[in-house]
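The hints should help you fit chain X onto chain U, whose structure is shown.
Each chain is listed here by its residues.
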Amino acid sequence: MPEPLLEVRALDAFYGDFQALFGVSLQIEQGQVVAVIGANGAGKSTLLKCIAGMMPARRGDVVFDRSSIITKAAFDVVAGGIALVPEGRRLFPSLTVEENLLIGSQSRRPGPWSLARVYELFPILAERRHLPAPALSGGQQQMCAIARALMSNPRLLLCDEISLGLAPIVVRDIYERLPALVAEGVSLIVVEQDIAQALKAAHHVYCLQEGRIALQGQAHELTREVISAAYFGL
Amino acid sequence: MIHWLNVILQGILVGGLYAMFAAGLSLIFGVMRLVNIAHGDLIVLAAYVALVVTNSLGIDPLTSLFLVVPIMAAIGYVLQRGLLNFTLGDDLLPPLLVTFGVSIIIQNGLLELFTADSRKLQAGQIEIETVQMLQGLWVGYLPLIQFFVAIAVIAGLQILFYRTALGRAFRATSDDQPVAQLMGIDTRHVFAMAMALSLAVVAIAGVFLAVRANFDPAIGPARLIFGFEAVIMGGLGSLWGTLAGGIILGVAQAIGAELDPGWQVLAGHVVFLAILAVRPQGLFPKVSG
Numbered sequence: 001m002p003e004p005l006l007e008v009r010a011l012d013a014f015y016g017d018f019q020a021l022f023g024v025s026l027q028i029e030q031g032q033v034v035a036v037i038g039a040n041g042a043g044k045s046t047l048l049k050c051i052a053g054m055m056p057a058r059r060g061d062v063v064f065d066r067s068s069i070i071t072k073a074a075f076d077v078v079a080g081g082i083a084l085v086p087e088g089r090r091l092f093p094s095l096t097v098e099e100n101l102l103i104g105s106q107s108r109r110p111g112p113w114s115l116a117r118v119y120e121l122f123p124i125l126a127e128r129r130h131l132p133a134p135a136l137s138g139g140q141q142q143m144c145a146i147a148r149a150l151m152s153n154p155r156l157l158l159c160d161e162i163s164l165g166l167a168p169i170v171v172r173d174i175y176e177r178l179p180a181l182v183a184e185g186v187s188l189i190v191v192e193q194d195i196a197q198a199l200k201a202a203h204h205v206y207c208l209q210e211g212r213i214a215l216q217g218q219a220h221e222l223t224r225e226v227i228s229a230a231y232f233g234l
Numbered sequence: 001m002i003h004w005l006n007v008i009l010q011g012i013l014v015g016g017l018y019a020m021f022a023a024g025l026s027l028i029f030g031v032m033r034l035v036n037i038a039h040g041d042l043i044v045l046a047a048y049v050a051l052v053v054t055n056s057l058g059i060d061p062l063t064s065l066f067l068v069v070p071i072m073a074a075i076g077y078v079l080q081r082g083l084l085n086f087t088l089g090d091d092l093l094p095p096l097l098v099t100f101g102v103s104i105i106i107q108n109g110l111l112e113l114f115t116a117d118s119r120k121l122q123a124g125q126i127e128i129e130t131v132q133m134l135q136g137l138w139v140g141y142l143p144l145i146q147f148f149v150a151i152a153v154i155a156g157l158q159i160l161f162y163r164t165a166l167g168r169a170f171r172a173t174s175d176d177q178p179v180a181q182l183m184g185i186d187t188r189h190v191f192a193m194a195m196a197l198s199l200a201v202v203a204i205a206g207v208f209l210a211v212r213a214n215f216d217p218a219i220g221p222a223r224l225i226f227g228f229e230a231v232i233m234g235g236l237g238s239l240w241g242t243l244a245g246g247i248i249l250g251v252a253q254a255i256g257a258e259l260d261p262g263w264q265v266l267a268g269h270v271v272f273l274a275i276l277a278v279r280p281q282g283l284f285p286k287v288s289g
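These protein sequences, in sequence, are chains U and X.
According to this note's numbering, the stretch in the first sequence is residues 1 to 234, in order.
According to this note's numbering, the stretch in the second sequence is residues 1 to 289, in order.
So that you can see chain U by itself, here it is in the shape it has in the complex (with noise of 0.2 Å):
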């Protein structure tokens, strides 16, 4: 058995008196993608928070390449090798594109990733890099967020929603660009609401509800029956 790249181990997080996650724990391999669905509050996004260092957890740990991240600030999160792609993209308005994504290169971590590399990925950001980041369209701006957070060079990337109020024709012009990702050797938790593509996208899959891991399994296991089960506490 493999040391996991990321292990987050009976995690639990609160907003104010609001528990968010009940003992949440999950797995990450080196080279793996993994995809946490549930409904809307379920604690998906919460989750992604606690790892990336923008949310303190109450209890439990997160340890990332043997040693334990739970107390880190979110800026030192990122130099050790974790980038958050956040729900709702927040790109910098008042930056160009390109700007942007120089700002994901902050921390200075080196690996492949560089402006040439992440315009070879998404070429529209090329034609792009000088308009304001508002000034793109929905899909693009996602590009953008991706872009910007893989130019820190992360080992594990942490998706949130990624095809939140997007066409499905752009979520799957963004996914078809996932597995060039994995091949560069950076490991996906991409949270979901849309099933099928997380299904598609991910070997194995968490699924959350109200706050509490109600289902796991390699994705090509899971049938939709057992999945709706456990999205909706049926």
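Since the hints were made in silico from the structure, they are not lab data.
The reader is advised that the hints may include incorrect statements.
Unchecked claim - Simulated restraints, written as ranges between beta carbons of each label pair:
hint	chain 1	residue 1	chain 2	residue 2	range
1	X	87	U	12	29 to 35 Å
2	U	210	X	240	52 to 58 Å
3	U	19	X	158	44 to 50 Å
4	U	217	X	86	42 to 48 Å
5	U	127	X	128	55 to 61 Å
Unchecked claim - Sample of chain U residues at the chain X side, in silico, Cβ under 8 Å:
hint	residue
6	90
7	92
8	93
9	94
10	95
11	103
12	106
Stated by the list, open to error - Covered stretches of chain X (chain U as the covering partner; in silico rule of three or more C-beta atoms under 8 Å from a C-beta of chain U):
hint	region
13	158-172
14	175-183
Note that beta-carbon positions come from the ideal geometry of N, C-alpha and C, so glycine has one too.
Structure of chain X alone, referenced to chain U:
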């Protein structure tokens, strides 16, 4: 006619100084939404630092900038990292109250150390040298230098903000703090760098203020008001607008003083209120993305 031209020209030149008061204030508000009530007192503090440096080393005030600027920048970094960072959050009130406290501490500290006596920095010969612009219109070297330094400072800040990695980090942090952290930016450090930069500009402004006129520990708050007025007239977030705001304030004060010496400061406030009434967003507001 030439007389009024002279009055307006002097006002424009003083406006450069006001723009320097304003630029540091605007930078801090832009990057971290902090309203620095102690800004005026920090200008006066810089003047006293220059006083100590010039007296103890026997150098002239303009040369002392090579020491005063780094000293003030270091004070800014430590002040932000050690104190003001802890006041930042969703609420605008704590930084307001804490910088108000800092303002009182600086004023009383200076009073203890230097007494309430008026001081002035002596720049020597350069203070009285003039250049003739037109028949009957003479301009002092020092106000001219001050004005061109102000333009250089604004241009320098503009380049730093839009052409360097640090400026990019400033703008990203200003846009979205949590995501800036996600990108590997330590916002505590970025805020401290912004305050250091702000106080570097304050140092330049403080030295020119101290060469131009008398100063004492109590004049800070009025400089703060001039800075605020220049920022708001120019439009928040626009550096060149800040220069325009400073010039308008300087000209208004010069014309007011010419009509009646008692109207100098009042005329500035009246023009400020008039512009605020007509264009509350300022003359050159930052275009939002």
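Results of checking the hints against the structure:
1. At about 30 Å, the CB distance of residue 87 of chain X to residue 12 of chain U agrees with the hint of 29 to 35 Å.
2. Checking the proposed 52 to 58 Å range against residue 210 of chain U and residue 240 of chain X shows it holds: the Cβ atoms sit about 54 Å from each other.
3. For residue 19 of chain U and residue 158 of chain X, the hinted distance range of 44 to 50 Å is satisfied, since their beta carbons lie about 49 Å from each other.
4. The given range of 42 to 48 Å is respected by residue 217 of chain U and residue 86 of chain X, whose C-beta atoms sit roughly 47 Å from each other.
5. Our hint of 55 to 61 Å for residue 127 of chain U and residue 128 of chain X holds, since their Cβ atoms are close to 60 Å apart.
6. At a threshold of 8 Å, the smallest CB-CB gap from residue 90 of chain U to chain X is about 5 Å, leaving the interface hint in force.
7. The criterion of a C-beta within 8 Å of any C-beta in chain X is met by residue 92 of chain U, whose closest approach is roughly 4 Å, and the hint holds.
8. Evaluation of the residue 93 of chain U hint against chain X yields a held restraint, the C-beta minimum of about 4 Å falling below 8 Å.
9. The beta carbon of residue 94 of chain U comes within 5 Å of a beta carbon in chain X, closer than 8 Å, and the hint placing it at the interface holds.
10. With 8 Å as the threshold, the beta carbon of residue 95 of chain U comes within range of chain X, its nearest partner Cβ sitting at about 6 Å, so the hint holds.
11. A least Cβ separation of about 5 Å between residue 103 of chain U and chain X falls short of the 8 Å threshold, and the interface hint therefore holds.
12. The closest approach between the C-beta of residue 106 of chain U and any C-beta of chain X is roughly 4 Å, which is under the 8 Å cut-off, so the hint is satisfied.
13. Given as covered by chain U, the region 158-172 of chain X passes the check, having 5 residues with a CB less than 8 Å from a CB of that chain where 3 are the minimum.
14. Counting residues of the region 175-183 of chain X whose beta carbon lies closer than 8 Å to any beta carbon of chain U gives 8, which reaches the threshold of three, so the coverage claim holds.
Consistency with the previously given hints is maintained throughout, with no hint failing.
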